[in-house]
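Student: One-letter residues, chain by chain:
There are 2 protein chains.
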Amino acid sequence: MEKQNKQITSRDVDFAKWYTDIVKVAHLADYSAVKGCIIIEPNGYAIWEKMQSILDKKFKELGHVNCQLPLLIPETLLNKEKELVLGFAPEVAWVTMGGEKQLDDRLCIRPTSETLFCDYYKDHIHSYRDLPKLYNQWCNVLRWEKETRPFLRSREFLWQEGHTAHATSIEAELETRQMIEVYKWFFHDILAIPSIVGKKTEKEKFAGAEYTLTNEALMYNGVALQAGTSHYFGQKFSNAYGVKFINKDNKEEFVYQTSWGTTTRMIGGLIMVHSDDYGLVLPPRIAPKQVVIIPIGDNDAHLLAQQINDNLLEHDIVSYIDDSDKSPGFKFAEAEVNGIPIRIEIGSRDLKLNKITFVRRDTLEKIEVSVDTDIVKYVKDLMNKIQTDMYNKAKARRDNMTFEAHNLKEVEDIMNKQPGFIKAMWCGCEECELKMKEIRGTKSRCILENSKAIDDKCVVCGKPAKDLVVWGIQY
Amino acid sequence: MEKQNKQITSRDVDFAKWYTDIVKVAHLADYSAVKGCIIIEPNGYAIWEKMQSILDKKFKELGHVNCQLPLLIPETLLNKEKELVLGFAPEVAWVTMGGEKQLDDRLCIRPTSETLFCDYYKDHIHSYRDLPKLYNQWCNVLRWEKETRPFLRSREFLWQEGHTAHATSIEAELETRQMIEVYKWFFHDILAIPSIVGKKTEKEKFAGAEYTLTNEALMYNGVALQAGTSHYFGQKFSNAYGVKFINKDNKEEFVYQTSWGTTTRMIGGLIMVHSDDYGLVLPPRIAPKQVVIIPIGDNDAHLLAQQINDNLLEHDIVSYIDDSDKSPGFKFAEAEVNGIPIRIEIGSRDLKLNKITFVRRDTLEKIEVSVDTDIVKYVKDLMNKIQTDMYNKAKARRDNMTFEAHNLKEVEDIMNKQPGFIKAMWCGCEECELKMKEIRGTKSRCILENSKAIDDKCVVCGKPAKDLVVWGIQY
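Residue numbers (the working numbering), protein chains in the order written: chain A, 2 to 476; chain B, 2 to 476.
One chain only, chain A, in its complex shape:
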């Protein structure tokens, strides 16, 4: 292995510092003048654009349409749903002046848009014929967090929020479940990150939801990241906001609702699962640029680079040539830092021997390939292989850091040695969750539904256990 990039702290030495180094040297994001509000730089934003395009296509295939609701919510409107207010009140930003005038009703910058969707739906849903409403929006939201970290927890962040209304509880519950499966698919197939899907406990569920399903992944350092949640609201919001309809039996009823969202936090997850001490590592399916071609030497190398590049682009592989006046060594390092999955080096000397060199970013492995190879097919196959290998590597690591515990002592031992996911039985009471929290902040990640019990006693209190729960330290 070559020498490590000097600007990057080793992830095994100081993971937090390594993370911010990667964000900086790969030009993903920078701090702004307002604490917790980051600047997403072009390299970072390109990843978000690719995430958006893949998820948006999937949402639309499933019948959803996009819309755009306002940034501002009047305090009086927000107050209608008490649980939601209690959940978000401490962390919203308030607009109190418009132009040079004090406002009568303060406006909060949306931390999420349930209230706004309900307020809209109540005027636009009258009959079961108006249902379902399968709306989604891509937008920015703001939560006045105390501790912030680029992508993982920022005051302003970008996300999508789906808000649907249905005529029956079954339909709404199916939607809730379908959308968490979409997030899991996205993590698995696109981001090459294994994740666990389950139900949040009462304490950890979304304010105002009947229940929350969550998509949970484990980072390189064994810390858990919640990325993607899907909430079943039942009739709680429709009751509070008066969203009624006439059902097929000609009776008035409140609609059944869901909401589901995922955010720019996924970029943080990508970094913390796959990247290394040389910089960013991206799975080919989410990499905004998939192949870089670096010609070294005479005209022949440049001509071949051009030919290969054209060929790849024609086959929808996002390739580019680095023909800047920087040194080859500098170009290699830059491609590595930026996480370009495949680097093709075309050297004049190699060309005389009829070969070119492929370098895999994930393994840094060099592969010599004959010029006569079908390059498009080779690149496609290699991208698939990288994608699969990255997933398998992440999964092996996750599995290695997933433990079982049967009492608090075991939990303590694990969390003090090497944090990770801990599977343990739980009696269902909040006091036991709070006890777990005393161990380095260990929280329930999710209840594994329909799973086999691994014990009959609660890991904390020893009383009869109800559910198998995955626990972890969280971002």
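Everything labelled a hint here was simulated from the structure, so no lab data went into it.
In this text the structure is predicted, and so the values were computed from the model without any measurement.
Some clues are possibly wrong.
Because identical chains cannot be distinguished in the list, a pair is counted as satisfied if it fits within a single copy or across any two copies.
As the list claims (entries may be wrong) - In silico DSS-like cross-links for lysine-lysine, where the CA-CA straight-line distance does not exceed 30 Å:
1) Lys-7 - Lys-245
2) Lys-245 - Lys-61
3) Lys-381 - Lys-59
4) Lys-424 - Lys-204
5) Lys-58 - Lys-332
6) Lys-147 - Lys-81
Could you slot chain B onto chain A? The hints should help.
Tutor: Below, chain B without anything else, positioned relative to chain A:
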């Protein structure tokens, strides 16, 4: 012509009412609980998504990259550029509370992002090698307007704002001009709206710019709409914010900047140029749905509908079948209200005579076509024809409402009879602009550069004229 849609006021009776009727019945937007902050409904947002995708592709072809800067700007940072502050201070919204705490430095919700880009560029531009920076962002902005109208003037709106930094003034000026030409191309080729490009007067230019180029269109009622501006900043902002670089001669210099933007207001322009008393009319190139197929009667009609639909979709024509249980008449009206450019009616009776019916939304013309026609080619040709016809019709109307005037009396006569664009010479002084404004609010739209003088005297004061100016009443 069929009977007019009862929910729509005639545009020749009450244009303002007609406009809001169209916005409502075509489900483009709705009002929210906050004055001036609209809800963009799926039908309206789909138009914005198509605008975004076409413009974004063009921006990227020209070398631009996207990023995302924060929503909030500290008051102290905003204050660095005095002209900008003076221009926007009366119309920004202020965040004064974060969570439950009063903020020391008030935060304004971005009305535009020059200050933020400068603050970012100053840390990321060091040498001419770092230039040019060709950044753009798609986002929401907020301006605390007093008078609001859906799409045309709202407090929150969506837009893109390009912010570029260059090593030379020439390069920056070329960028400024290139981008206004992109907007003009977009209006001409995609929106089928003829527009005029010119320079804003000192009074009308963007606060803090050296000069502003603008794209100006004329609505059905003769009122002008500014849609798309491109600003050349020279070194004004870089001076105020300290954005310096080492040039090729190894000397420190301030960068040369531009910014350019266009907004959801274009949706308002589309409505006011093309739509009619039957609902929305959209040029095929911007229509989110281009063809609707309505089978009427037996199985054969449905089978053929399916076949044609598959065929069109395969050729990248956005087509869909309306096989809901509504009556054919209802479906026809709905397709008209929603502005689907082409409607294909497949009736069982017609099918026996080997024909189907095409209906053009722009002219409401019905065309019988043999089933044996190459439907894909026919639709493509028809879409091109509709696109061209719509442009020509809009241009003829615009030209008919473009006048010349040589004195104030003539301006008054025109504006009192039928407002439109007035071409008239101007001496260059602000007092004359203010005098013009007394005539129904007539304002300079833009200076026509390099154009032939039509008089040697100023239309207002009669003193020697400097420029040919287009004047109009504005939205």
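Student: Next, verify each hint and record whether it holds.
Tutor: A quick look at each hint next to the structure:
no. : hint              : result
1   : Lys-7 - Lys-245   : between (61 Å within a copy, 27 Å between copies)
2   : Lys-245 - Lys-61  : within (26 Å within a copy, 46 Å between copies)
3   : Lys-381 - Lys-59  : both (22 Å within a copy, 28 Å between copies)
4   : Lys-424 - Lys-204 : within (18 Å within a copy, 69 Å between copies)
5   : Lys-58 - Lys-332  : between (34 Å within a copy, 27 Å between copies)
6   : Lys-147 - Lys-81  : both (26 Å within a copy, 28 Å between copies)
Going through the hint list in order, the structure satisfies each hint without exception.
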